[in-house]
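Chemist: Here the structure of chain A is known, so what remains is to put chains B, C and D in place on it, guided by the hints.
Chain by chain, the residues run as shown.
Protein chains: 4
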Amino acid sequence: MKARRGFASDNNAGVHPDILKALHKVNEGHVVSYGDDPYTRKGIEDLKEHFGENTDIYFVFNGTAANVLGIKALSHSYHAVICSDLAHLNVDECGAPEKYTGCKLLTVPSPDGKLTPDGIRQHLHGFGFEHHAQPRIISVTQSTEMGTVYTPHEIKTIADLAHSFAMYLHMDGARIANAAVSLGTDFRKITSDAGVDVLSFGGTKNGMMFGEAVIFFNPELSRDFKYVRKQGMQLGSKMRFISAQFSALLAHELWKKNAAHANDMAQYLAEKIRAAGMIKITQPVEANAVFAILPPELIPRLQKNFFFYVWNEKTCEVRWMTSYDTTREDIDQFVKEIEKLFAR
Amino acid sequence: MKARRGFASDNNAGVHPDILKALHKVNEGHVVSYGDDPYTRKGIEDLKEHFGENTDIYFVFNGTAANVLGIKALSHSYHAVICSDLAHLNVDECGAPEKYTGCKLLTVPSPDGKLTPDGIRQHLHGFGFEHHAQPRIISVTQSTEMGTVYTPHEIKTIADLAHSFAMYLHMDGARIANAAVSLGTDFRKITSDAGVDVLSFGGTKNGMMFGEAVIFFNPELSRDFKYVRKQGMQLGSKMRFISAQFSALLAHELWKKNAAHANDMAQYLAEKIRAAGMIKITQPVEANAVFAILPPELIPRLQKNFFFYVWNEKTCEVRWMTSYDTTREDIDQFVKEIEKLFAR
Amino acid sequence: MKARRGFASDNNAGVHPDILKALHKVNEGHVVSYGDDPYTRKGIEDLKEHFGENTDIYFVFNGTAANVLGIKALSHSYHAVICSDLAHLNVDECGAPEKYTGCKLLTVPSPDGKLTPDGIRQHLHGFGFEHHAQPRIISVTQSTEMGTVYTPHEIKTIADLAHSFAMYLHMDGARIANAAVSLGTDFRKITSDAGVDVLSFGGTKNGMMFGEAVIFFNPELSRDFKYVRKQGMQLGSKMRFISAQFSALLAHELWKKNAAHANDMAQYLAEKIRAAGMIKITQPVEANAVFAILPPELIPRLQKNFFFYVWNEKTCEVRWMTSYDTTREDIDQFVKEIEKLFAR
Amino acid sequence: MKARRGFASDNNAGVHPDILKALHKVNEGHVVSYGDDPYTRKGIEDLKEHFGENTDIYFVFNGTAANVLGIKALSHSYHAVICSDLAHLNVDECGAPEKYTGCKLLTVPSPDGKLTPDGIRQHLHGFGFEHHAQPRIISVTQSTEMGTVYTPHEIKTIADLAHSFAMYLHMDGARIANAAVSLGTDFRKITSDAGVDVLSFGGTKNGMMFGEAVIFFNPELSRDFKYVRKQGMQLGSKMRFISAQFSALLAHELWKKNAAHANDMAQYLAEKIRAAGMIKITQPVEANAVFAILPPELIPRLQKNFFFYVWNEKTCEVRWMTSYDTTREDIDQFVKEIEKLFAR
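Those protein sequence lines, which keep their order, are chains A, B, C and D. With the first letter of the first sequence counted as 1, position 143 gets the number 142 in numbering that gives the first Met the number 0; the numbers rise by one all the way through. With the first letter of the second sequence counted as 1, position 159 gets the number 158 in numbering that gives the first Met the number 0; the numbers rise by one all the way through. With the first letter of the third sequence counted as 1, position 193 gets the number 192 in numbering that gives the first Met the number 0; the numbers rise by one all the way through. With the first letter of the fourth sequence counted as 1, position 44 gets the number 43 in numbering that gives the first Met the number 0; the numbers rise by one all the way through.
Derived by calculation from the structure, the hints in this document are not laboratory data. Hints may contain errors.
Given that identical chains are not distinguished, each listed pair holds provided it fits within a single copy or across any two copies.
Unchecked claim - Calculated cross-link-like contacts (lysine to aspartate or glutamate; reagent style EDC-like; alpha-carbon spacing at most 16 Å): (1) Lys313 to Asp117; (2) Lys313 to Glu27; (3) Lys256 to Asp185; (4) Lys188 to Glu336.
With the rest of the complex left out, here is chain A (with noise of 0.2 Å):
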C-alpha cells in the first residue's frame, strides 16, 4: 500500500509528527475518562490562550459534529439558518443539520462562497410570522469552501447584522487557520473580536488525526452543550487523545506553521499554473485551495496519477487542495503533467 500525495483535500493528508509524538506523550497510566482529565484540562487552557478565557470550549470527534451541534445549541427546531449555498452545511452533510437539530436551511447564492449582508437579508423576513420558520444563526465557513477568506470587518459586518435581529452568527472554522494564516491574524480577530458566537475550530484539515472543538464566545449558549455532545453521541471516552492533539498543535505555533504551508503551497501551484498559460483559475487563491477550469477530455487521464475532485461537471471546474504536507515536488511534478497533457 503505497500511497502518494494528491490535491484531492487536506484530509486526505495523514497525522503531522508532532501530532503523533503527543498521542504518545499521554498514553500512560489511567485517566478519568469523557475529558475529566488533566490532558483534557490542559487542551482547553491552551485552546483559551489564543480564544481568550471567556469561552466555552468543547472537543468532539468530526466536523459535522462540530458544526451541527454547534447549531443546536443555538437553536430551536423552528429555527432557519442563514448560509451560502455552497455551504458544507448544506451540501455535503447528508442532510445532518435538518434531521439533529430540525431547523431549515435559507441559503444564499454566493459564487465565492461569502455571505454578504444584501444576500443575508433576503432571507431577513417573516419573524414572528408563525409560518416561517424563524432566522436564527446566520453561518459562515472561514476560509469559505471556496478557499477565499472573508476579512475581520466583513465578519464583524455580518455578525452585527446577525445581533440587530437577536441573531447568532456561527462559524464554521474547518480551516480557520489557513484563514487567520492568510489575513496574518490571531484568531481572536476573526472570531470573538468580530462578533462570533460559536466557533467550530478545525483539527483534522490542519494535521491532526481526528477531532474538532465547539468554541462558544457566549456562556449563555454552552449552558446545555454537554447534555448535547453526549447526546449528539460525540462524547468520547479516550477523550485526552483527542485533547493532546490540540495542546500540540497550538504548541510551538504548529497550527500557524502547517496552515502557512498549505497557503503558500496552493499560492505556488496557482503561480505555476497561471505562468503555464493554459488554465483559467476561477477564485481568487486567498487559502488553501486552486479552483481552475480544465479542458473535459483531460481531467480523467490528469486523476490518473493525481486524485482530485471534479467541482463542477457542467463548467468543468475542478479543485485542488494543498495541504500541511504538500511539497514544492509535488506541485512540480503535477504542474508538469498537465504541461505534458496540453502539449499532445
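Modeler: Same frame as chain A, now just chains B, C and D:
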C-alpha cells in the same frame, strides 16, 4: 501529570502499544478520505475473517454511535426496542437512542444485566395496534453491564424469539471480546451463529484509542447504512486511523490477549476479595468486572487512592473494572488497602 | 348504521347538541384563518375566566398533540419526563413523545394511576451528569387513566417537589372536568393554585367534536409556542370551529353538567355492580371509569352487545367508561345482561 | 361579530351547509373511536370510488400533516424532497417537513409555481454519494400556490422522471378539486393515471370544517402509515366527524360544484380587473386565485374593507383567492372599490 491505574473503567486505560504502532505505520502519504482507502478495506477484511464474508461492516467513532446508528438502521420511529433496564443504551446515553431514532425503549428488570425470554415476553404484545410503539428490536449487551456473559444458547434462544416475531436482535458488544474469551468461543458462535442481526463491535475498551465497528449479519439491513452513518455525524474523514487500529487489534490475537488478561485480573481480584473474607461479591464474575458491597464509610477512603464508581448509592454496591493493562501488583495493592481500611 | 351506546370509552360518544349548535352559529361569512379571529379571541377569554388572566392559551386538534407539544415547549431533547407507567403518554401514543421531543420517559409503577412523591424521587438523580437524560418535567394525568383523582394537596405536593428541582409540572387534563367535579372544586384549585405549569385541557371526551387547549400558567414557557404548534402540524386553519366549541363547553356550565353526569353514571354503575355481588371492582371510582375483574369466559359474551376494553388480559380486568350521554337505562340493561350471563 | 367575505384565502370561508348537515346526521349513539367505525369505512369507500379500489386512505386533521406525514411514509431521514421554491411545503410550514421527516428540501425556482423536468433535473445527482441527501421524492402542488394547474401530461412526465430514478411523486392536493374542475377531468386522470404515488386530498379549502385525506396509490408505501399517523399526532378520536364530511363532499358532486364556483369567481374577478384596465394580472388564472400588481399606496386602503395578502412586498404583487361562497356581488363591490381608489 502522573496517572496511575485504577478500577473505574476499562476506558480509563490508554492505548495498547501495538495499536499506537499501527497508527504510525499507516501515517504515510495521502489516501482517499472517508473510508475509500486500502487500510479501511484491510480493516474490514480482517473483521470479516472473524465474522464471516457475508457481513457488512462500518466504522464509527464511539460506542454510543455504534449502538444508536445500528438501531436506527433497523427501525422506524414508531418502533420499540426491548432491553435490560440496566442497559447502557437505557441509562448512560443521555437519551441518544430516543432522540436519534425516535423509538421507545421498553425495559425489563434484570438484576444480573441479562434479558430472559420471559422478561422479554412481557413486552411482546400490541403488535398491529397503532397506539402502541411496535416492538422491533431486542438489544442485549455482551458481556453485560453487570459483568455477566450470555451463553451462545441463551443468545440463540433470544434471537429465535425475536425472529419468530419478525423482530431483530441487536448486540451491544462494547466488551464482546471479554465475553468470547470468557466462553472460550470465537466471535461467530455468539453473533452470526447465534442469530444476531447487528453488532456493535467494541474496540476502545479493549485497548484501542477510539473506534467501534457496526457489523451487519443481514445485508438487507445495511443497504442504506452509509447514509445513516454520514447523517449521524459519524463518518470519519481520516478513516485509515480507525481501520488500522482494528487490523492491529485482530492481528496476532491481540484482542484475545487483552481480553483474557482483563478477565484474569477480574478473577484474581475476586479471589483475593473472597479470600479476605469481609466483602460480599454480588454478581458472578464472568468477564472483567467485579461488583461488591462495601461499608459506606469505607468507600470515599478507598477512592482516595484508587478511583472507582459507586454503582448503587443505596445498597453501597461498587463496580471494579479491570482492563488489558491492569497488573497483579495493582490488585495486590488495592486489596491490601482494603484490608487496611477494614482493620481500622 | 345504528349505533348504540357502550362503555368502551368516553370518546365513543358523539357531540353534545349545544356544541353542534355553536358550530352553526359561527359559520357565517369569512374570518381570518389560523386563529386570528374574534371567535378564537372569545374562546381564549372564556378559558381565561376559568384559569386566570395570566395564562397563555393555544388550541390544537387532539390530546396526543396537546400533551406532546406542551412537553416540547418545556424541554430540550436531552431532558426526561417522569410519569406513571400507566400514563397515556407512555403507553398509548405510539412513541409520539419520544419521537417529537426526543425526551426519555422515566416511568414509575403506579397501580392506581397516581404518581407519589416517593415514586418520583427514585428518578430524581443524575442532575448535572451528562450521561443521564436530565429530569425536567413531571407529568400527571387528572383524572388518571385508572379513574382516580389527585387531590389539590397531592398535586401541590408534586408541583413543589418539581419546582424544588427546577423542574416543571405538566398535567394531562383529558378528563380534568371529571376530576374537578369529583373534587367539587373549580379548575384553578387543581391547576394554577396547585402549581401546574402547563395543562392539556380536554374538550373531546367531555362532549366536544375535536379540540384541546394547551394552557400555560407560566408565560416564560409559552413564548415560542405558536411556532411549536405550527411546526407540530397542529395549527388549524378554520380555527373558529375549535374555539366556538370551547366557548360553548364553558357557557352555562356545560362542562360541569357533562362531567357530573358521566361521574354519576360511573357511581351508579359501580353501585349496581356491587349490589349484584359477583364482581370485584378494582379501583376507587372517583371519576367516570369503573375497573372490574370478570371471569374470562364471560368477557366475550358480554362484549357482544356492549363494547368495552379488556384492560389487563392476564388478570381479566376490564374498563368501563361512562360519558356525558350514558343513561341509567344503558346501565340497567348492561347490569341485567351481566346478571343473566352469571346466572347461566 | 359580523364577518364579511374577503379574498384573503379560501380557508377564511366557513363550512358548506351540506357538510354541517352531515355532521348532524352522524351524531347519534356511540361508535368505536379512532376510525374503526362505519362512517369512516363509508368515507373511505366514497373516496375509493373516485380514486380506485387499489388505494389506501387515511384521514388526518390538516394539510400540514397530510403533506408531512405522506412524505414521512415515503422517506428516510437521509432522503431529499425536490419541490418548487414557492411550495407551501417549503415556505409556509415553519420547517415542519424538516423537523418531522429529517429530510432536506431541494427547491427549484418556479415563478408560476410549477416544477418542470429541467428544473427537477438540476437536483438529480449525487445518488449513491453518502455526503449528499439522497433525492427520493418530487412534490408538486395541484393546483399550485400561484393558481396555475398542471396538465395530466405534465404530471405524467414528472412522475415518469421520478420513477426512472426510483423516486416517488407526492402531490399536495389542498386544492386538487379546483384543478380537476379547471382541467375538466376526474381525479384519477391527474393522480393514479398520471403516476402520483401519494396524494394529500384537501377538504378544508373546498368547504369542509377540517380534515384531509392521505391517499396512497402504492400499497407498499402505506403499509405502516397507521403508525406514522398515530405517532404523528394526527389520529382523531371521534373520527366519524372527519369521515362524514368527506362523504358529504363527494355526494351529489358537492366537491365539483364548490370548486367550479370558486374557479368561476376567479375568472369573473380576473375579467373585471382586466376590463378595468389599470392592473396587471401576473399569473394565468387557472384555478381560484388571481395574482396582480397594485400601486403600493393603494394596497392598505383597499385592505381596509377587503382583507387579502400581499404576496411579494417588493413587487407589490397581491393574491386574491376566491372560494365556494364568493358571490358576484362580492367581486362587483371589490372591483368598484378598486376603481374608486384608482380614480382619486
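Chemist: With reference to the structure, classify each hint as holding or not holding.
Modeler: We went through each hint and held it up to the structure:
no., hint, in the structure
1, Lys313 to Asp117, "between (28 Å within a copy, 14 Å between copies)"
2, Lys313 to Glu27, "neither (53 Å within a copy, 34 Å between copies)"
3, Lys256 to Asp185, "within (13 Å within a copy, 48 Å between copies)"
4, Lys188 to Glu336, "neither (40 Å within a copy, 54 Å between copies)"
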